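> Chain residues, written in single-letter form:
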Amino acid sequence: MEQIVQEIVAKYNYWVYVILMMIGFYAMIGKRNLVKKLLGMNIFQTAIILFFVSTGVKKGGRIPIVDKYSGLAGTIDPNTIDNPLPHVLMLTAIVVGVSVTGVALAVLQRIYREYGTLEENEILEKVRR
Amino acid sequence: MKTLALLATLCTGALLLYGTKDFPAWGDPQSPANSYLSPKYIEHAVQETHVPNLVTAVLGDYRGYDTMFETVVIYCAGMAVVSVLRRNRSQ
Amino acid sequence: MKQLQEKAKQRQLGDSLIIKTAVRLMVPFIQLFGLYVIVHGHYSPGGGFQGGVILGASFILLALAFDMKTSFKHMSEKVNAILGNLGAAIFIGVGLICALVGGLFLDYSALNIIIPLGPVEWRSFGIFLVEVGVGLAVMSIMVLLYWNISSSGKMDEGL
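Line by line, the protein sequences give chains A, B and C.
Per my numbering, the first sequence starts with residue 1, numbered consecutively.
Per my numbering, the second sequence starts with residue 1, numbered consecutively.
Per my numbering, the third sequence starts with residue 1, numbered consecutively.
Simulated from the structure, these hints should not be mistaken for laboratory data.
Just so it is clear, the structure is predicted and the values come from calculations on it, not from any experiment.
One thing to keep in mind: the hints can contain errors.
[Claimed, not checked] DSBU-like cross-link-like pairs, simulated, lysine-lysine; straight-line CA separation at most 35 Å:
(1) A:Lys11 <-> C:Lys20
(2) C:Lys78 <-> C:Lys154
(3) B:Lys2 <-> A:Lys126
(4) B:Lys21 <-> A:Lys36
(5) A:Lys11 <-> C:Lys69
(6) B:Lys40 <-> A:Lys31
(7) A:Lys68 <-> B:Lys40
(8) C:Lys78 <-> C:Lys20
[To be verified] Cβ-Cβ distance ranges computed for the label pairs, FRET-style:
(9) C:Met26 <-> A:Glu119: 47 to 53 Å
(10) C:Lys154 <-> B:Trp26: 24 to 30 Å
(11) B:Gly19 <-> A:Tyr112: 38 to 44 Å
(12) A:Val127 <-> B:Val84: 16 to 22 Å
(13) A:Arg113 <-> C:Ser76: 21 to 27 Å
(14) C:Lys73 <-> A:Trp15: 24 to 30 Å
[Said to hold, decoys possible] Some chain B residues well away from chain C (every beta-carbon gap over 10 Å; in silico):
(15) Ala5
(16) Ser35
(17) Leu85
Think of the CB as a built atom: it goes at the ideal place given N, C-alpha and C, for glycine as much as any other residue.
Could you put the whole structure together from the sequences, leaning on the hints where they help?
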């Protein structure tokens with residue numbers, strides 16, 4: 001029992017992301033309203049972004065902006081600077097997420113204009129008819 | 001339907017939590033993500049590009065291809081929104 | 001919801017003098033800060049994406065506080081489209097010029113042949129050029145998304 005608690009405390013960050021991801025996943029597959037599905041997708045995306053950023057953390061590390069002169073002299077210890085690579089990847093992922101949300105909202109508006117509703121089952125009924 | 005969704009969600013969550021057993025602990029400097037490529041960026045980026053902000057250096061120079069296609073993606077998103085939504089004032 | 005909208009229309013809740021004056025005062029500073037974030041991305045947190053979003057937010061703020069006509073007065077649809085295309089073109093153009101003068105695609109140190117600044121300095125400057133392109137593209141697309149989605153494509157009134 002104590003071992004399990006220790007395991008959880010040492011890796012509590014993954015628990016946060018998994019729970020956030022579960023909230024988003026449930027909203028994506030369990031809700032009928034399309035806007036709620038979109039919100040679920042955004043929550044899912046936030047969980048993944050947090051996960052990636054947390055892989056770059058080093059205990060006691062500083063932000064990845066270094067002193068120029070010590071950088072030119074080559075005296076930087078990589079263990080004291082956070083990993084810049086996940087930050088870069090997530091920077092692009094955030095902007096892509098914004099554009100995905102924009103396109104999704106546009107498509108939802110178009111669906112509302114065509115069918116007059118955003119509930120999934122009502123739309124499916126109108127499509128089948 | 002809702003119970004099925006809840007069940008699927010809980011199964012996925014349990015599988016992922018089981019998977020975290022093999023993940024490195026939080027803030028470990030020797031974890032796989034921190035040990036192969038990124039120390040080279042941290043050590044050599046300032047000498048090679050004269051940019052103290054390592055994120056900008058990696059974003060603009062080492063991974064410029066990635067950033068370029070990312071710009072193309074948001075450009076395409078703008079075009080998609082215009083082509084889906086835009087209507088003329090006369091209609 | 002409909003009652004609330006009618007109430008807002010009657011009392012003109014959206015047309016508060018305080019909000020309009022505050023936005024009019026704030027917008028130039030927001031734009032200046034956006035340009036600072038783009039240009040200073042080499043030395044502090046910032047860069048093309050962040051600065052572009054701040055620049056776009058200033059125009060969105062104009063459209064929110066006044067109406068869409070006011071934001072069209074500051075940046076018309078045509079100018080917005082030109083800036084967006086220019087941003088993407090700057091990025092790809094810099095990469096293409098690098099390839100044309102004999103280097104690899106997006107290898108900025110090859111530009112040293114055109115203006116001899118030194119290959120390392122050119123890599124720094126090439127990152128700056130690329131960031132400006134990204135900033136322009138992101139600003140234009142953010143404003144475009146807001147205009148289209150808030151007015152459902154009619155581009156007349158908006159929220």
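> Now look at each hint and say whether the structure bears it out.
Structure-based check of each hint:
1. A:Lys11 <-> C:Lys20: 49 Å, violated
2. C:Lys78 <-> C:Lys154: With Cα atoms ~15 Å apart, Lys78 (chain C) and Lys154 (chain C) stay inside 35 Å; holds.
3. B:Lys2 <-> A:Lys126: 22 Å, holds
4. B:Lys21 <-> A:Lys36: 32 Å, holds
5. A:Lys11 <-> C:Lys69: Distance ~52 Å between Lys11 (chain A) and Lys69 (chain C) Cα, so the pair is violated.
6. B:Lys40 <-> A:Lys31: Distance ~46 Å between Lys40 (chain B) and Lys31 (chain A) Cα, so the pair is violated.
7. A:Lys68 <-> B:Lys40: This hinted pair holds, its Cα atoms lying about 16 Å apart.
8. C:Lys78 <-> C:Lys20: At roughly 25 Å apart (the allowed maximum being 35 Å), Lys20 (chain C) and Lys78 (chain C) satisfy the hint.
9. C:Met26 <-> A:Glu119: 47 to 53 Å: 40 Å, violated
10. C:Lys154 <-> B:Trp26: 24 to 30 Å: 50 Å, violated
11. B:Gly19 <-> A:Tyr112: 38 to 44 Å: The hint (38 to 44 Å, Cβ to Cβ) holds, given that Gly19 (chain B) and Tyr112 (chain A) are roughly 39 Å apart.
12. A:Val127 <-> B:Val84: 16 to 22 Å: 18 Å, holds
13. A:Arg113 <-> C:Ser76: 21 to 27 Å: About 26 Å separates the Cβ atoms of Arg113 (chain A) and Ser76 (chain C), which means 21 to 27 Å holds.
14. C:Lys73 <-> A:Trp15: 24 to 30 Å: Violated - the Cβ-Cβ distance for Lys73 (chain C) and Trp15 (chain A), about 51 Å, lies outside 24 to 30 Å.
15. Ala5: 28 Å, holds
16. Ser35: Given that every Cβ of chain C is farther than 10 Å from that of Ser35 (chain B), nearest at about 25 Å, it holds.
17. Leu85: Label violated. Min Cβ-Cβ 3 Å, cutoff 10 Å.
The earlier numbered hints that this structure contradicts are 1, 5, 6, 9, 10, 14, 17.
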